[in-house]
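Starting from the two chains in their separate frames, assemble the complex, guided by the hints.
Chains as they are written, first to last, in our numbering: chain G, 1 to 232; chain B, 1 to 108.
Calculated from the structure, these hints are not laboratory results.
As the structure is a computational prediction, the values presented were derived from the model and not from experiment.
Careful: at least some of the hints might be erroneous.
[Said to hold, decoys possible] A partial selection of chain B residues facing chain G, derived with a Cβ cut-off under 8 Å:
| id | residue |
| --- | --- |
| 1 | Pro9 |
| 2 | Leu10 |
| 3 | Thr11 |
| 4 | Ile12 |
| 5 | Met17 |
| 6 | Leu25 |
| 7 | Thr27 |
| 8 | Glu30 |
| 9 | Pro36 |
| 10 | Val39 |
| 11 | Gly58 |
| 12 | Asp74 |
| 13 | Tyr103 |
| 14 | Glu105 |
| 15 | Val107 |
| 16 | Gly108 |
[Unchecked claim] Pair ranges (Cβ atoms, derived):
| id | chain 1 | residue 1 | chain 2 | residue 2 | range |
| --- | --- | --- | --- | --- | --- |
| 17 | G | Pro207 | B | Leu7 | 28 to 38 Å |
| 18 | B | Gly49 | G | Ala220 | 38 to 48 Å |
| 19 | G | Gly185 | B | Glu48 | 54 to 64 Å |
| 20 | G | Glu45 | B | Glu48 | 55 to 65 Å |
| 21 | G | Thr107 | B | Gly47 | 43 to 53 Å |
| 22 | B | Glu48 | G | Lys193 | 50 to 60 Å |
| 23 | B | Gly108 | G | Gly36 | 51 to 61 Å |
Even glycine gets a Cβ: it sits at the ideal position worked out from N, Cα and C.
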Amino acid sequence: MDPFLLRKLNTERAARHAVIHLTDLGDGRDRVIREGDPVAGPLGEAIAAAFRSGKSGLVEAEARQFFLNVHLPPARIVIIGAVHISQALAKMAEIAGFDVTIIDPRTAFATEERFAGIDLVADWPEDALKTRPLDAYTALVAVTHDPKIDDVPLSQALTAGCFYVGALGSRKTHAKRVERLTALGHSEADIAKISAPIGLDIGAASPAEIAVAILADTVAHLRRRSLRGAAP
Amino acid sequence: MDANETLDPLTIAERWMDDGRMVALATVVETWGSAPRPVGSHLVIDGEGNFHGSVSGGCVEGAVIGEAMEVITDGEPRMLEFGVADETAWRVGLSCGGRIRVYVERVG
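Looking at chain B on its own, in the form it has when it is part of the complex (with noise of 0.2 Å):
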């Protein structure tokens, strides 16, 4: 199918790559609870915050960006944490009341 073909994050990535772009993968490596994607699931970021897929329902995807942006930059990838127990989450928690953990890494 070709919508899903353009929206698979991989494929992007290897796109984005293949302009010449900086890209950053996040995936959730982990969820508890109520969590709106499951485990594997892609966001592919590039250096200027342009992004596709998701790791949530909309909640987290603006902090995950924003570490993308650093792990593009130092090339050290982070394991990021979010949930309704956690500091952050009166921030960027998540609604549906879940924890996710997102594996952020550079491409390259």
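Only chain G is shown next, with the shape it has when bound in the complex (with noise of 0.2 Å):
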């Protein structure tokens, strides 16, 4: 392996981006792909496929056996909303093997103390996310139920192309923010993408049972999407 590309390899995945690391297995000659690059005939098409379904693997094209090591970026959490399901979504998504951030403009409720350990940010949300921007390997969990602190990162998340988007809230005030979201310019099918009342149906009543909710939530809409193969 080249050294520059393990250099490349390495900042294209700091920066979240989706590349493949192509290996010539006959001479052992590689490359770094990112998505999006052009690459011709049955060799192109297989890459495209593999940046689908995110699966690594040999592949026979131009007489030639090469191996494709596909990087796609780990999956995030995002949490707007420093509040009790907040601590223990954090914990379990963490041993789950994501990476969590957590916003809340509210300093009282985004302190060190209550979230020890967690990347935290007490921050409006459409500041915080200005450095980092939500992405097609991202969740929005919107757990505040304040308008003024929710609304804006839950359009971003539309926009973004979030593989789970979820808005705590009542039916009662999810009516009244889809109606806030229509205002923003989001078609009804994009709308109907948020998960409201959040997370999967199991009865949860705590705020750690509603975190386990969210969670599994968050997963399924994660594997299933790449047994779909749908696009990033």
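If you want it as structure tokens, here you go:
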């Protein structure tokens, strides 16, 4: 492996870009391909399919054997609201392998003491998301049920194509939210992608149980999406 | 997550390279049956036999590290195969009954 390529691969991964490390097993030559880079012929088709499925593997093309190692960004959960549910959800989500960020401008909620060891941003979501924008490999979980805090990130999540968008709140709360998101220009189909009431219906009652429901719903969206082979 | 970043074999490979260490990278390229680690998994090895990551559940790492030392020396990539049907299985086989192919290459 070319040392320059190793650096490039790590830089792309750190920037949350989907990349494939392609190795010609005949002569050992390799290259790094970013999602969307044009590659012609049958190899290009195999590369496109690998980006969709996220599955690494061997490919025969042009009478040569290639190994495609697919690197998709690790799934991330951005939680809007440093509330009781988030305390449980952040810990569970990290155990399940997600990168977790919590954003809440209310400094009474967003304290180091309540969220020790968790990536916590005590700022408005529109400011916090400027440095680390939402993407297709991110789940957005809005649990403040305060429109001033939740609406902007929910809108951005729909635009960014987040693999999961969930919003806490009663059906009445959500009906009003749908009106506001419609006014912001989102289509009915897009808004229907929001999981509300949030989480799988497991009869969750306590904050920790609601966290389980949200995490299970997030995993379901992540895994079923890749099984369908949907493009990110 | 910091814990995951520090355990990421490709990140460690780059760090070792920057430290001036000789580095080989082993990658699972094919699996049959119940293989412990999925295709694409990495084991990174330095010239002194230090390693990070995994290509199996600890069953064949010893043999891969041995081959990696030779790859570091001669620079020639190798394809290794391990499994219950293989002769080497009696020594370093996969107890899970699967078979794997591992590509070992030098970085640089």
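Output the numbers, in ascending order, of every earlier hint that fails for this structure. Hint check: 1, 4, 9, 11, 12, 20, 23 fail, others pass.
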